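A.B. asks: One line per chain: the protein sequences are A and B, in this order.
First residue of the first sequence: 4, per this note's numbering; consecutive thereafter.
First residue of the second sequence: 4, per this note's numbering; consecutive thereafter.
None of these hints come from the bench; they were simulated from the model.
Where hints are given, some of them may not hold.
Label-pair ranges, simulated between beta-carbon atoms [said to hold, decoys possible]:
id : chain 1 : residue 1 : chain 2 : residue 2 : range
1  : B       : Phe-84    : A       : Gln-132   : 22 to 32 Å
2  : A       : Pro-166   : B       : Leu-97    : 48 to 58 Å
3  : A       : Arg-167   : B       : Phe-84    : 54 to 64 Å
4  : B       : Val-55    : A       : Gly-64    : 35 to 45 Å
5  : B       : Leu-97    : A       : Ser-219   : 28 to 38 Å
6  : B       : Arg-223   : A       : Leu-23    : 21 to 31 Å
Quantities reported herein were computed from a predicted structural model and do not represent experimental measurements.
In this text, a Cβ means the ideal position worked out from N, Cα and C, and glycines have one as well.
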Amino acid sequence: MSTMRRDSAAQPATYVFTGLIAVLFLLPLVWTLLSSVSPNPGTAQTEGFGFGNYVTLFEYGAGLPQYLRNTLILSVVATAVALVVCASGGYAFARFRFVGRNALFGIVLSVMMVPYAALLIPLLVWMKQIGLQDSLVGVAFVLTLFQVPFGIFMMRNAFSAIPRELEEAALIDGCGSFGAFWRVLLPAVRPSLVTVGLFTYLAAWNDFMVALYLLSMDNAPLPLALVNMRQQTMGVIDYGATTAGVVVLTIPALVLFLALQKYYVRGFMSGAVKG
Amino acid sequence: MADATTTQRVVLGRGGAPRRSGRFARRENRLGWLYAAPTTTLLAVLFIAPIVVVVAMSASRWTLLGGAQGGNFPENFTKVFADPMLGDAIGFTLLYTVITTAILMPLAFFLALLVQESRRWNSFLRTAILLPSALGIASASLLFYALYSPQIGPINGILDWIGSFDAGASILGTPGGALWGTVVLVVWRFAGYYMLLMMVGLQAIPGDVYEAARIDGAGRWKTLTTITLPLLRPTLAMTMIMSVTGSLLAFDQFYILTKGGPNNSTMTIVQLVYRYAFETKKDLGMAAALSVLILVALVVVNAFQLKALRIGADDE
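Please put together the full structure from these sequences, using the hints given.
C.D. replies: Rendered as structure tokens:
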């Protein structure tokens, strides 16, 4: 299958070369981690190794716990909404013929065509109109929207792959349509649900731009707070606290990513990924 | 009890066009809409409505602090086109798009070939290359912002040691440094992502095609150019669309690393929208007009590229 099978196995030069590539990709991450606890002039950690930068970060603005809480609310709400929307929508497109089905699917896919950068100016005005101004839940819904094309495509394929007999058996056993959906179908598509949830969670956890447009500093998630922290003191930028912030922001995402890497790759296999 | 799915079976079982009338079809229609309701609501409220709003805003006098002040079409558009920054921003955005795509595509393809074969060492490599994809563009930009800083970053010292660079100077302080510094960041963040997409494409190529080539005595280079690349065309087209559209819409990395500077030399189009709205003009009407232009441009680019992609898929 591979074009390189015969000659690439177990050559020391190959290991050195590929090892070097791995180091290049890992080095910035390792450097940030080390730098955040290393002594540096102009940071809160000037002598010896320690957590001075983390203390600065903890006490910045409304406090690290507040910003982490905001990020967590965004991520959890966006993930929950995405799962509800994509599971129900995917099921509708996979199993039911309803009037306007193709038109609706076309609109779902067209979300991919429209850059979200172009929707933020109107959303600034529109969210106020619908009572979601400076609202974490409102922003979570916006973040969900951009996961909908991928999510629905993925869930539609997952439901289509389930044999109809499974639903029919549940219905004969006395489940209503919703009972069959909840008790039989959803458990059967769990891997796809994990994939959709993971993509949404990471996107919301890492979001900066939507929050920049739609949220005030009181409701700022961590990435936005970190960027503002950096700009706050003109001229004197606390790089130490910035690296500490990057570490705090990155570790949960990396852990989640490593734990669920299999599901992340599945998302690519489905042919529905769009950055 | 009767159910939509069994109904569909019965209806379809009769052959020919499905019957669209009757109690069962109505029930299926009703259930379908019920399940599609969350999707429909989300799309109507947060997708269709904002598109209508942005078009209305682009045709109105609408300031950040003063709100809507009546129609003024096409004044916002003329003001946008009259802005000397627009041409520069378009030029820079295109340059940035060409550079990142020209680096990322071959690199991702090369990495995919390198780690494609399933071995333990390769799975470590894959994870290492993919790891930056877990970071947001904003956190990756903050990371590189510190990395490039003369205060705590190691890069200045290294460049100084190599020569031709003063350790006290700022890497992001010159237009070239700001552009290439950002390109390095983006390549680091996205190489694994595109590598994974390419790997999926490579794995879809059946093994016996390679076997046949080997029997015919095709060398490695010949196999690559006559088999792998042509069969990978749909994947290549898709990754290219993603890289091009992603780069055209670049915002976070420049907002955080360069703020469009130095001297507005790294101002992208999407940054210009933000500027109109909150910084220089505080004019939401102008920002909306530029948003509409971006929207139309991207739909055209996407449609054009999707068409190319479809042709690529048909060739197979």
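A.B. asks: Which hint numbers doesn't this structure obey?
C.D. replies: When the structure is compared with the hints, none of them turns out to be violated.
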